[in-house]
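There are 2 protein chains.
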Amino acid sequence: MPYRAPIDAYMRLLRDVVGYDRVAGTERFSEATPDMVAAILGEAGKLCEEVLAPLQRSGDLDPARLENGVVRTSKGFAEGYKAMAEGGWIATSAPEEFGGMGLPLTVTTCVNDMVGAACLSLQLNPLMTQGQIDALEHHASDDLRNLYLPKLISGEWAGTMNLTEPQAGSDVGALSSKAVPNGDGTYAITGQKIYISWGDNDFTENVCHLVLARLPDGVPGTKGISLFLVPKLIPDENGKPGVANDLHVVSLEHKMGLHGSPTCVMQYDGAKGWLVGEPHDGMRAMFTMMNNARLGVGVQGVSVAEGALQHALAYAQERKQGRTPDGTIIGHADVRRMLATMRAETFAARAIALSLAVAIDTGNATGDAEWKARAALLTPITKAFGTETGIKVADMGIQVHGGMGFIEETGAAQYLRDVRVTAIYEGTNGIQAMDLVGRKMMDGGEAAFALLDEIEAGAEAARANLPDLAEPVWQAAESLRETTEALLAREMPDRFGGALPYLRGFARVLGGHFHLRAAMAAPDSADARLAAFYILRMLPEHAGLLAEARSEVSALANLSTEDLVA
Amino acid sequence: MPYRAPIDAYMRLLRDVVGYDRVAGTERFSEATPDMVAAILGEAGKLCEEVLAPLQRSGDLDPARLENGVVRTSKGFAEGYKAMAEGGWIATSAPEEFGGMGLPLTVTTCVNDMVGAACLSLQLNPLMTQGQIDALEHHASDDLRNLYLPKLISGEWAGTMNLTEPQAGSDVGALSSKAVPNGDGTYAITGQKIYISWGDNDFTENVCHLVLARLPDGVPGTKGISLFLVPKLIPDENGKPGVANDLHVVSLEHKMGLHGSPTCVMQYDGAKGWLVGEPHDGMRAMFTMMNNARLGVGVQGVSVAEGALQHALAYAQERKQGRTPDGTIIGHADVRRMLATMRAETFAARAIALSLAVAIDTGNATGDAEWKARAALLTPITKAFGTETGIKVADMGIQVHGGMGFIEETGAAQYLRDVRVTAIYEGTNGIQAMDLVGRKMMDGGEAAFALLDEIEAGAEAARANLPDLAEPVWQAAESLRETTEALLAREMPDRFGGALPYLRGFARVLGGHFHLRAAMAAPDSADARLAAFYILRMLPEHAGLLAEARSEVSALANLSTEDLVA
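For the record, the sequence lines run as chains Z and B. Here the first sequence is numbered in this note's numbering, starting from 1 and rising by one per residue. Here the second sequence is numbered in this note's numbering, starting from 1001 and rising by one per residue.
Please keep in mind that the hints were generated in silico from the structure rather than gathered at the bench. Small disclaimer: the values here were computed from a predicted structure and weren't measured. Keep in mind that the hints are not guaranteed to be accurate.
[Said to hold, decoys possible] DSSO-like cross-link-like pairs, simulated, lysine-lysine; straight-line CA separation at most 27 Å:
(1) K1240/B / K1082/B
(2) K320/Z / K1223/B
(3) K1372/B / K1223/B
(4) K46/Z / K75/Z
(5) K223/Z / K372/Z
(6) K178/Z / K1320/B
(7) K1046/B / K1075/B
(8) K1440/B / K1223/B
(9) K1320/B / K223/Z
(10) K320/Z / K1075/B
(11) K1372/B / K1320/B
(12) K1372/B / K1440/B
[To be verified] Here are a few chain B residues that sit away from chain Z, every Cβ distance over 12 Å (derived from the structure):
(13) R1065
(14) G1088
(15) A1433
(16) A1450
(17) A1526
Cβ coordinates follow ideal geometry from the N, Cα and C atoms, glycine included.
Work out the full structure: start from the sequences and follow the hints.
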């Protein structure tokens, strides 16, 4: 499966659509000029094209497996990982004082996007490490930071996140893992964790687990949870991996996809751990790491969309069938409709994700509360819409292949099987939607309305040059504004039944906004033609989504469980 | 995976929604009274619940395989098939003179729906046989009918359809298989066919292939194609399976799903075949069989939707998580939204399929051209919307399961993997949509407008009792009428770019019509509450779909292949 890194597309998005100039204009990121960014992305793209993309099928056909308690990874993954680590690509935004490049998260987001398109199951490994670096950087003691961060950033060690237990999935507060003080400042961690992505591997010196557990005096629920760093091998006095900790991989899950990524059941039997942050304050540290991880997972959806699109496009251009101008199926209107939809949707999801990264970077560099609020608002939208886009585009990729799409050898089905979990992990998309209409609207909708003002101002500015595109975007933003007001007028539990359609409608409108910006920047370009396709054909979907979000609560509430049976 | 046959739901649909009384009111089907139908469905349902549903996972975990050129089927499939055959369930609509029950296709559709929900990969076997029976009944000579039909109807022999070749998929006319007269009335068939579902098995005495091939004087394209019956074992003078024919299974495909159904590459090396119908007239016979097969495949989507819904509903009622009234996830608004959507969509797709079956039965029993036109119109809608519903509902079923949905052991993923191909085989859904706006509108839209008149009359009649539901259905029908007129005003190739959104919008409106009928029949029932959910929350989607269908052709046509690259 050849993959071509879309460097030009990133650079156009950064320049014309998501306002990367704001990031490069801050003191903190002043060295990350567009030219520098282009050079960096070019290097990362080459690695993805030449080294990582060839591993995609290997991960599927030669799944990670557990042998005598040790994870054996897919053929070629060790070499691929080492190439990433040697190139410095594990965590490009990590702080320079610990050996990182200190690049804007916007740049790392582009890198993650390319790595995920090339080989999603391997990409998940550094994504977990990036989350751990975030959490340690902001919450761990200096000793822990000095010991662990350089190893994680260099890729010598890998990081994992351990939240879920069999009875505690979306309801993290129900977890029962325990942490007992050892008396020497360390803790003995006991419990079982499930769904641990990359819980072990055979290519890093050490694997470091961030584990949520409850101290003896921790109250029930989320307020009694603390966060611990629990290494597979306990570092010795020189900081080298020493004796084995009391933890092991019980089993690997047999999954629909992502076969190259070992999903572990982890058992901790009094394993030695170090507290990260304050006692009982584990959820705060977890959220630090989860917010960026939600951007990361949303981008996984974008990655797969790009990969599936390139794959389908190549097939459509070579598959001879029917009476079309060049004899290939790309001449069929419905095939072309699918490919155009895939491209337009990928553009929208990527623009939303990069605009979130820009908001995070700007907020971090300036401390501006409005940018932080913008980032908070865009996080659930990016996660849910990005992953739904990955699923939708991968599904269309199968359809473009016709009968060959159902045959595993082509690889089209793998994209769908791999990406399906992204709508579930890191907070299901339903939870993202509840977060959007709940927590993210506790400001009375201020952040949402500020974004809508921006969308409408953009549409106003486009009226003179592109009236046919500006008007539908403006109208859609108005409709989203009315729906937002209608939802805000409802009490919290009543908002939830329409939360996901609302999130989808919001993303649909945002997509129109970004497509319009691209069209304004270059009215005779491919981007402008794609924008016309999106705005005239795909944007109208917002009406149905917002109508569903606004519809009377009773339509759902009146249905009893018995009503659903038959 | 337990399965409960929804007999009451079928009977309410037949009585209140799709007008089965019309079928039972014909002389031909006068014995198929509602009481008789209920008894028959009850028997079939028992078989599905007790014998077939337990085979669903077996087909996935123990795929059909090729051993020394012979197909070995999944564990338990032989027993399951024999139970179907002994019960007379292979082809319940087959003519009585050849041993069939002569039941309306509407009843067979319900039976197929249940068998497919219980075990889709096994159900595909008799579905192929049903198609072959159709083709032979209408096009074969008396000798062939007398020899083959009783064996096929009893299930002693199985039937297959051989259309596709590597270079001839959707473009059937490109096929290159050859048929040369042997001089004794038979023909020597040579060529390779791919994607042959159930091309062989180890539980029927014989396998009979219907093969499209070209006679020496056949012109290129579809007009030079003839249809041949080519048995695996050539019947001897007593009609018993005799010597092996010159054909064999080359290999089985490694597919995303439907692992229990062997998808064969078939090789014919001068195999002995018998002409079915007139020389060069093979496509006509093929269409006889394909039209009913399209209903059959649409129903496969409904089957999987029902199976996935029941499976997710059971999980949601037992999975403890979060603070809900009974502690299970079914109390979460977004989970309930998904389950309600799954139920409402399954109802709509099933009602559309059964209304098509009623139209076919009524047309066949009365010869009425309007019913035949109605059936022709509904065929592509049933196929495409039914299969898309299966995919959508199975996907939501995974999401209801959360993390467990991605783990194969739960079976949730299997529904999606199995059903995915239904949007591709038997004419891709894109081809169905082209058929709808092309061939099926060559009457100037007469059949579509007649159906719209009926929908609007139904809405008018509902205004007094259910004004809040009647008005949106009426409005949606008006919008569909306008879009239909707009499409008709376009030349043929220009219609195709909006064909699939149009088909989806048509199905969305039809779903509203049938939900409204159910609500009218019992305004305080579960069906009425489900109708309110569908009409108020899901029907608004038609607006975006129809806007896409109506949008300027240029939005798609302006995009070049290069524009799609990045």
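Going through the hints against the structure:
Annotation: proposed proximity of K1240/B to K1082/B holds, straight-line Cα distance about 19 Å (limit 27 Å). With a C-alpha separation of about 20 Å, the suggested pair K320/Z and K1223/B falls inside the 27 Å cut-off, and the hint holds. For the hint pairing K1372/B with K1223/B, the CA-to-CA distance comes to about 24 Å; that is within 27 Å, so the pair holds. Using a Cα cut-off of 27 Å, the hinted pair K46/Z and K75/Z holds, with the two alpha carbons roughly 21 Å apart.
Using a Cα cut-off of 27 Å, the hinted pair K223/Z and K372/Z holds, with the two alpha carbons roughly 24 Å apart. With a CA separation close to 21 Å, the supplied pair K178/Z and K1320/B stays within the 27 Å bound. Among the hinted pairs, K1046/B with K1075/B is consistent with the structure: their alpha-carbon atoms are about 21 Å apart, no more than 27 Å. Taking the CA atoms of K1440/B and K1223/B, the gap is about 20 Å. The hint holds against a cut of 27 Å.
For the given pair, K1320/B sits about 20 Å from K223/Z by alpha-carbon distance, which is consistent with the 27 Å threshold. Between the alpha carbons of K320/Z and K1075/B the distance comes to roughly 39 Å, so the proposed pair goes past 27 Å and is violated. Taking the CA atoms of K1372/B and K1320/B, the gap is near 51 Å; set against the 27 Å cutoff, the hint is violated. The suggested pairing of K1372/B with K1440/B holds, with an alpha-carbon distance near 11 Å, which does not exceed 27 Å.
No Cβ of chain Z approaches the Cβ of R1065/B within 12 Å, the least distance being about 15 Å, so the stated non-interface status holds. Interface exclusion of G1088/B from chain Z stands, the closest Cβ pair being 26 Å apart, more than 12 Å. Against the 12 Å criterion, A1433/B falls within the reach of chain Z, whose nearest CB is about 7 Å from its own CB. Even its closest Cβ contact with chain Z, about 26 Å, leaves A1450/B beyond 12 Å, as expected for a residue assigned away from the interface.
Annotated as non-interface, A1526/B brings its C-beta within 12 Å of a C-beta of chain Z; the closest such distance is 4 Å.
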